[in-house]
Amino acid sequence: MALRPTTPPLNALRAFEAAARFGSFARAADELSVTAGAISQQVANLEASLGMALFDRKGPKLTLREAGRAYLPTLRRVLDEIEAATLDLVTHGAGERKLVIGTLHTLASSWLIPKLNRFQNEHPDIRPVIETLALNFATPDRSPDLSARQIDVGLYFGDGSWPGMVSDKLFDEIQVVVAKPGYIASTDANTKTPPVDPANLMGRYPRLVHTTRPKAWHDWAQANGVIVTGAPGPGFEHFFMLIEAAKAGMGIALLPRVLIEGELAKGSLEIISDAALKSSGLYYLITPESRMDVPEVQAFRDWVLGLCP
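Here the numbering used here is used: the first residue of the sequence shown is 607, the next is one more, and so on.
Fair warning: there could be bad hints in the mix.
Below 30 Å or equal to it, Euclidean Cα-Cα: the simulated DSSO-like pairs (lysine-lysine) are [to be verified]:
(1) Lys721 with Lys872
(2) Lys775 with Lys704
(3) Lys884 with Lys872
(4) Lys721 with Lys853
(5) Lys853 with Lys872
(6) Lys664 with Lys704
(7) Lys775 with Lys667
(8) Lys667 with Lys721
(9) Lys775 with Lys821
(10) Lys721 with Lys775
(11) Lys704 with Lys721
(12) Lys853 with Lys884
(13) Lys664 with Lys775
(14) Lys884 with Lys721
Cβ pair distances, simulated, as ranges [stated by the list, open to error]:
(15) Thr738 with Ile688: 19 to 25 Å
(16) Glu867 with Asp751: 26 to 32 Å
(17) Lys884 with Gly629: 27 to 33 Å
(18) Ala659 with Leu911: 20 to 26 Å
Everything labelled a hint here was simulated from the structure, so no lab data went into it. Computed from a prediction, not measured in an experiment: that's the story for all the values here. Note that beta-carbon positions come from the ideal geometry of N, C-alpha and C, so glycine has one too.
Work out the full structure: start from the sequences and follow the hints.
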């Protein structure tokens with residue numbers, strides 16, 4: 607007896623996923639290097655085994671039916687996980703103590719990587735691999751996705767309530783207004799040195815914008831009793847871009863202090879106002895519940911949490 611008697615053949619599932627993605631048997635066939643007739647037959651066999659139609663076939667364009675729309679997301683996720691697991695095995699091999707850490711881009715470069723050598727010294731037998739996690743504040747779904755790339759543990763920002771995850775608080779996010787040293791004096795003869803009154807920042811200097819947090823300046827202004835005036839300045843998708851723009855003298859920037867401690871220490875950025883903003887979200891160490899007992903994960907969790915008492 608088959609171990610999974612209701613699971614359809616992999617080729618049929620791949621044919622359905624590709625046809626659904628392209629809306630075409632012909633384009634799916636090109637991707638899978640078979641004929642359109644073969645894709646059509648695989649999908650027909652799949653529908654027969656399921657006992658329901660997955661597509662409406664009207665001319666050359668395929669349209670998913672309700673059953674197809676319900677089936678596709680889980681199937682696509684599973685195929686992505688198979689691809690990721692295969693790539694991971696081919697790339698890294700087996701038998702080593704590897705730990706895949708997913709983290710937000712700037713948090714990795716500004717906070718984690720400068721400290722990671724200490725973890726390596728304490729655990730020389732564990733090989734860390736850093737992957738980037740995406741976070742977009744302009745979208746309603748901000749849940750971290752650790753499954754697609756076989757990520758063991760993550761560093762993430764939010765409210766800490768993510769299904770299937772254990773969330774450990776690392777630290778608050780305090781956003782401060784910064785600029786290139788001397789920028790304020792060079793652009794405004796009436797203001798020689800920081801700190802600058804919050805109201806005097808609005809409308810007088812280009813206001814650099816983090817495009818995935820488009821309301822950040824408004825939140826800062828509301829928290830400090832001022833009104834945002836003037837048009838927004840250049841926008842940047844990632845904090846590391848915003849940091850470089852501020853260092854280049856393109857304007858003033860609102861940035862999490864934890865991400866710019868290095869720049870402040872080196873003097874490539876300076877805080878220009880005493881007015882700050884405590885974000886509603888926090889930085890968390892997140893671990894899938896299924897990975898909590900993995901020794902490499904336990905070692906990393908103990909180490910990271912020791913950095914943030």
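Consistency of the hints with the structure:
1. Lys721 with Lys872: Judged against 30 Å, a Cα distance of about 17 Å means the pair holds.
2. Lys775 with Lys704: Holds, because 24 Å separates the two Cα atoms, which is no more than 30 Å.
3. Lys884 with Lys872: holds (24 Å)
4. Lys721 with Lys853: Holds - the C-alpha atoms of Lys853 and Lys721 are around 23 Å apart, at most 30 Å.
5. Lys853 with Lys872: holds (11 Å)
6. Lys664 with Lys704: violated (49 Å)
7. Lys775 with Lys667: violated (49 Å)
8. Lys667 with Lys721: Not OK: Lys667 and Lys721 at ~53 Å, beyond 30 Å, violated.
9. Lys775 with Lys821: Holds, at about 24 Å.
10. Lys721 with Lys775: At roughly 18 Å apart (the allowed maximum being 30 Å), Lys775 and Lys721 satisfy the hint.
11. Lys704 with Lys721: Between Lys704 and Lys721 the Cα gap is close to 18 Å, so the pair holds against 30 Å.
12. Lys853 with Lys884: Roughly 23 Å separates the two Cα atoms, so the pair holds.
13. Lys664 with Lys775: Answer violated: Lys664 to Lys775 is near 53 Å, above 30 Å.
14. Lys884 with Lys721: This hinted pair holds, its Cα atoms lying about 24 Å apart.
15. Thr738 with Ile688: 19 to 25 Å: holds (21 Å)
16. Glu867 with Asp751: 26 to 32 Å: For Asp751 against Glu867, whose Cβ atoms are near 28 Å apart, the range 26 to 32 Å holds.
17. Lys884 with Gly629: 27 to 33 Å: violated (47 Å)
18. Ala659 with Leu911: 20 to 26 Å: violated (52 Å)
The structure does not agree with the numbered hints 6, 7, 8, 13, 17, 18 stated previously, though it agrees with the rest.
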